[in-house]
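> Here are the chains, one letter per residue:
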Amino acid sequence: MDIQFIFIQLFNGLALGSFYILLSLGLTIIFGMLGVVNFAHGALYMLGAYCGYTLVQVCSGNFWMAVILSPLIVGFIGMVMESTLLRKLYDLPHFYNLLLTFGLMIFIEELIQIIYSPMGKPFNTPKELLGSIDLGFMLFPKYRLLILGVTTLLAIGIWFFLVKTKLGAIIRAGTDDSEMVDALGIDISKIFTLVFGMGAGLAGLAGVLAAPLQNIFPYMGMGILTETFVVVIIGGMGSIFGSILGGIIVGELITMGVIFWPPLANTLIYIFMAAVLLLRPRGLFGRVKFFE
Amino acid sequence: MEALGILSFIRNRWVVFLLIPLFISLPFLTPHHSLASEMLIFAIFAMGYDILFGYTGLLSFGHAIFFGAGAYTSGLILIKLQAPLFVGLLGGIFVSLMIALIIGFLSVRIKGIYFVMVTLAFCQMFYFIALKWSGLTGGDNGLHGVPRPSIGPIHLDSEIRLYYLVLMLFVLCLLLALRIVRSPFGRALQSLKSNEDRAKSIGFNTNHFKLISFLISAFFGALAGGLYALHLNFVPLETLNIMTSGDVVIMSIIGGIGTLYGPIFGAMLLVYLKNLLSAWTEQWNFIMGILFITSVLTLRRGILVEVKQRLFHKR
Chain L
3 MDIQFIFIQL
13 FNGLALGSFY
23 ILLSLGLTII
33 FGMLGVVNFA
43 HGALYMLGAY
53 CGYTLVQVCS
63 GNFWMAVILS
73 PLIVGFIGMV
83 MESTLLRKLY
93 DLPHFYNLLL
103 TFGLMIFIEE
113 LIQIIYSPMG
123 KPFNTPKELL
133 GSIDLGFMLF
143 PKYRLLILGV
153 TTLLAIGIWF
163 FLVKTKLGAI
173 IRAGTDDSEM
183 VDALGIDISK
193 IFTLVFGMGA
203 GLAGLAGVLA
213 APLQNIFPYM
223 GMGILTETFV
233 VVIIGGMGSI
243 FGSILGGIIV
253 GELITMGVIF
263 WPPLANTLIY
273 IFMAAVLLLR
283 PRGLFGRVKF
293 FE
Chain H
711 MEALGILSFI
721 RNRWVVFLLI
731 PLFISLPFLT
741 PHHSLASEML
751 IFAIFAMGYD
761 ILFGYTGLLS
771 FGHAIFFGAG
781 AYTSGLILIK
791 LQAPLFVGLL
801 GGIFVSLMIA
811 LIIGFLSVRI
821 KGIYFVMVTL
831 AFCQMFYFIA
841 LKWSGLTGGD
851 NGLHGVPRPS
861 IGPIHLDSEI
871 RLYYLVLMLF
881 VLCLLLALRI
891 VRSPFGRALQ
901 SLKSNEDRAK
911 SIGFNTNHFK
921 LISFLISAFF
931 GALAGGLYAL
941 HLNFVPLETL
951 NIMTSGDVVI
961 MSIIGGIGTL
971 YGPIFGAMLL
981 VYLKNLLSAW
991 TEQWNFIMGI
1001 LFITSVLTLR
1011 RGILVEVKQR
1021 LFHKR
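The listed protein sequences derive, respectively, from chains L and H. All letters in the first sequence, in the order written, are residues 3 to 294 by the numbering used here. All letters in the second sequence, in the order written, are residues 711 to 1025 by the numbering used here.
Rather than coming from a laboratory, the hints here were simulated on the basis of the structure. Bear in mind that the values here come from a model prediction, so they are computed numbers and not experimental data. There could be a bad hint or two in this list.
No more than 20 Å apart at the CA atoms, straight line, and that leaves these computed lysine to any residue pairs for SDA-like [unchecked claim]: (1) H/LYS842 to L/ILE256; (2) H/LYS821 to L/ARG289; (3) L/LYS144 to L/LEU131; (4) H/LYS821 to L/LEU281; (5) L/LYS168 to L/GLY187; (6) L/LYS90 to H/GLU1016; (7) H/LYS842 to L/TRP263; (8) H/LYS842 to L/GLY187; (9) H/LYS984 to L/LEU113; (10) H/LYS984 to L/GLU254; (11) H/LYS821 to H/THR916; (12) L/LYS90 to H/PHE975; (13) L/LYS90 to H/LYS821; (14) H/LYS790 to H/PHE804; (15) L/LYS192 to L/LEU169; (16) H/LYS842 to L/LYS90; (17) H/LYS842 to L/PHE262; (18) L/LYS90 to H/LEU1009; (19) H/LYS1018 to H/PHE975; (20) H/LYS821 to L/LEU131; (21) H/LYS821 to L/LEU113.
Reference listing, derived: stretches of chain L covered by chain H, where coverage requires no fewer than 3 residues with Cβ under 8 Å from a Cβ of chain H [claimed, not checked]: (22) 86-100; (23) 225-238; (24) 275-281.
C-beta: ideal position from N, C-alpha, C; glycine also.
Given only the sequences and the hints, what does the whole structure look like? Please build it.
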């Protein structure tokens, strides 16, 4: 096995990790703010892929347009979900909202399955992104490079947004104590809707970006949802850096597992998760507050 | 006096006396005999789950593991070893309890929302293991050819006889569950649910109690799983699917958590409905999703309580 091959696989692991980063960032922000573990996150990811499919293959639109529109559409759907359904249950124990999102997950998956049939659909990589690019030390597929680039930019953008802008400061404050923010005269319910929309939009973006790498099908969100949970458990809930590191670890573990020990490829991340739980139950960068 | 005592005993428990003939005749009331067995199997699963979720306040999305492990292990023991029926069931329970001990040890230290995610992740792991280890489990096709050994002279090839075996075990489980929740131990579990910090400060080792509650619910799940393998003569891979965990959660919510009887009723209702609706639509899961959403939004105290409230106490 030559070095170049290993390098390519490492990069593939990073590209896969990118999807986990996009998803777990949304999951973490939503959880931090609303106290809801969004089980519908995987379904929103799938919805992003189907939005892209509809825009490109059915409406014969442009791929770039789909990459921009799909997250907006999914984000809007997320905002509607939050403001019509989740909102009703904030005063009750958190697990009711979690169960509600579980129900929404089933509902969305089955609805898509009824509309588009349970069969997988092919989604073509746009022509200009086919083929590989020479990075000097290896050849790497253009499309995966794009994914890496987009994720890196977004992660920096989100960090900048949360740390440097006023709205970001409000969101961070709301994560610590949303009642206090509300008492200080900021309409927290609008922020809740916005945050849920943002998280949903990130999931939608991950979905539309993932579509060309695989066939899309109505239940594609379930697997990635549990893997995203593993990312968040490893990285620690409520930490942006934890999401990024956890995403990379899980992406690499899956990619490397497939090469070195295929039968265990799917199980490796759970074993790693169990080890983290044993040694550091709140995850690598988890905040004590969320763990309590 | 004696006769009066019996009368008041009957009057206070008239529901129970109505239910006895209902349960005995259940297989003759359902569209086919085996549906009655399935209803009670899931009732056993749900009542054990209620001890964890309803009484201890821990929401697990991993209980498909114990149901599935019980089903697969019992099935394998009965197929490969040609063992007696109860050996198969006990073997399934034993393996499930071992798994529950490990998962419980790793997850009860973790609070609230994290617990849900960890149990769900383990559920997916066991699903993958069963899927990939197809030499043992049959993979995607499931484990076929689970026999139903006779118990002494009683052959279980008839669905009716299997139902009465399930009914007998169901009654034993119910008595056990009632004994548990009404014992001082059960009270301690409920104190964890209402205020864990306070329970800890008066000297309870709360993690210990949570682990035992986890094991108890795994025990019921494994028994139900083993019976499910007998009932189908086959173990589908779906027993380990996260949706199976979701099923038992929704059964509990629809029936009303923390009541034991509620989840039993919820399980029987849901299994019956599923059977009824599957006959005229393929979109059972779609209905399930809507059911999930509406019951979380409107039936949180259980369908019986909510309906009663809305009919008799109009607000």
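> Among all the numbered hints in the text so far, which are the ones the structure does not match?
8, 10, 12, 13, 16, 20, 21
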